[in-house]
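**Student:** So you can see what is in the structure, the chains are spelled out below.
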Amino acid sequence: MQSPFNGIRSVTLAAAAILAAGTAAYAHHGWSWTEDGFFELKGRITAIYIGNPHATLDVDAEGEAWRVEMAPPSRTIAAGFTEEVAKVGDEVTAIGNRSLDEKEKRMKAVRIIVGGKTYDVYPDRVPPA
Amino acid sequence: MDGLLAGIEQLALVKGLKASFVAYPIVNALHIMSIGALLTSVMLMDLRVIGAFRSLPQAAFVALLRRVAFCAFAGALVTGALLFSVRAREYAAMPVFLAKMGLIVLAGVNFLAFMRLCRAGGGEEPAGGGAVALAGLSLVLWMSVLFAGRFIGFL
Numbered sequence: 031m032q033s034p035f036n037g038i039r040s041v042t043l044a045a046a047a048i049l050a051a052g053t054a055a056y057a058h059h060g061w062s063w064t065e066d067g068f069f070e071l072k073g074r075i076t077a078i079y080i081g082n083p084h085a086t087l088d089v090d091a092e093g094e095a096w097r098v099e100m101a102p103p104s105r106t107i108a109a110g111f112t113e114e115v116a117k118v119g120d121e122v123t124a125i126g127n128r129s130l131d132e133k134e135k136r137m138k139a140v141r142i143i144v145g146g147k148t149y150d151v152y153p154d155r156v157p158p159a
Numbered sequence: 002m003d004g005l006l007a008g009i010e011q012l013a014l015v016k017g018l019k020a021s022f023v024a025y026p027i028v029n030a031l032h033i034m035s036i037g038a039l040l041t042s043v044m045l046m047d048l049r050v051i052g053a054f055r056s057l058p059q060a061a062f063v064a065l066l067r068r069v070a071f072c073a074f075a076g077a078l079v080t081g082a083l084l085f086s087v088r089a090r091e092y093a094a095m096p097v098f099l100a101k102m103g104l105i106v107l108a109g110v111n112f113l114a115f116m117r118l119c120r121a122g123g124g125e126e127p128a129g130g131g132a133v134a135l136a137g138l139s140l141v142l143w144m145s146v147l148f149a150g151r152f153i154g155f156l
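For the record, the sequence lines run as chains H and C. Its first residue numbered 31, the first sequence is counted upward by one per residue in the numbering used here. Its first residue numbered 2, the second sequence is counted upward by one per residue in the numbering used here.
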């Protein structure tokens with residue numbers, strides 16, 4: 031019965047690797063994966079997702095493909111940001127916190143500016159006026 | 002494949018779930034309930050095979066918990082498919098999601114190997130190193146499934 035124990039070992043290693051990878055690239059939930067200082071991204075919307083588990087924008091910023099994460103849909107829509115207010119191709123400015131991993135083109139937005147209107151998806155976290 | 006996944010996202014039920022403030026958290030809660038029941042029943046079965054709770058008759062104990070585990074797995078499968086469906090293309094491209102699916106397949110193969118061992122033994126109460134090894138592997142695999150699943154929300 032050599033093989034099942036080898037199996038246990040390799041699966042344990044795989045699980046450990048998954049855990050290690052997870053702590054290195056935290057995203058989605060919470061803010062622990064983002065930088066403290068505010069970050070501003072300007073670009074053109076390539077995809078809009080307003081839905082569960084949370085809303086996202088894909089933005090093309092000077093040829094770089096960015097993922098902008100927003101609040102859960104209830105909060106995003108409460109902020110006035112719905113599928114009607116923006117469309118693919120629109121210029122957008124996203125203000126928030128970017129990933130601690132500089133190679134990762136991902137940020138969590140607290141404020142979205144599109145079509146001359148400002149939407150504070152995390153009103154309690156927006157930069158002081 | 003991409004077309005199929007995009008088609009799933011366009012189903013009326015899925016679009017409703019994507020936009021609902023109530024249905025999605027409920028499905029999410031039912032998924033947690035299912036995996037909680039599944040992990041608990043699997044762990045108790047595995048520990049019994051490994052040698053814990055010897056005062057309880059193994060055949061009856063395992064038969065009851067196996068029924069619970071099957072129902073819980075069915076619940077996890079239905080609710081998990083719904084959670085997957087709202088962003089099918091996104092999840093299908095995530096290594097940690099694919100790792101979770103692979104681990105579930107391995108756990109299934111492990112279960113079939115255990116059933117084979119039961120039949121080979123002629124009874125419902127397999128004993129010895131082989132059964133203990135497969136039960137230990139089952140514990141590790143299902144816990145890995147749980148951890149991989151939780152990390153889908155963080156990667």
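Careful, some of the hints might be misleading.
Mimicking DSS-like on lysine-lysine, the simulated pairs with C-alpha atoms at most 25 Å apart in a straight line are [claimed, not checked]:
1. K72/H with K117/H
2. K72/H with K135/H
3. K135/H with K117/H
4. K16/C with K133/H
5. K147/H with K72/H
6. K16/C with K72/H
Derived from the structure by calculation, the hints contain no laboratory data.
**Student:** Taking the hints in turn, state whether each one holds.
**Tutor:** Verification of the supplied hints:
A hinted pair counts as satisfied when its Cα atoms are at most 25 Å apart, and K72/H with K117/H qualifies at roughly 15 Å. Between K72/H and K135/H the CA atoms are separated by roughly 13 Å; this keeps the pair inside 25 Å, and the hint holds. Between K135/H and K117/H, the direct Cα distance comes to roughly 21 Å. Compliance with the 25 Å bound is thereby established for this hinted pair. Taking the CA atoms of K16/C and K133/H, the gap is near 33 Å; set against the 25 Å cutoff, the hint is violated.
Restraint check for K147/H and K72/H: satisfied, since their Cα atoms lie roughly 14 Å apart, inside the 25 Å limit. At roughly 29 Å between alpha-carbon atoms, K16/C and K72/H are farther apart than 25 Å, so this suggested pair is violated.
Of the numbered hints given earlier, the model fails hints 4 and 6; all others are met.
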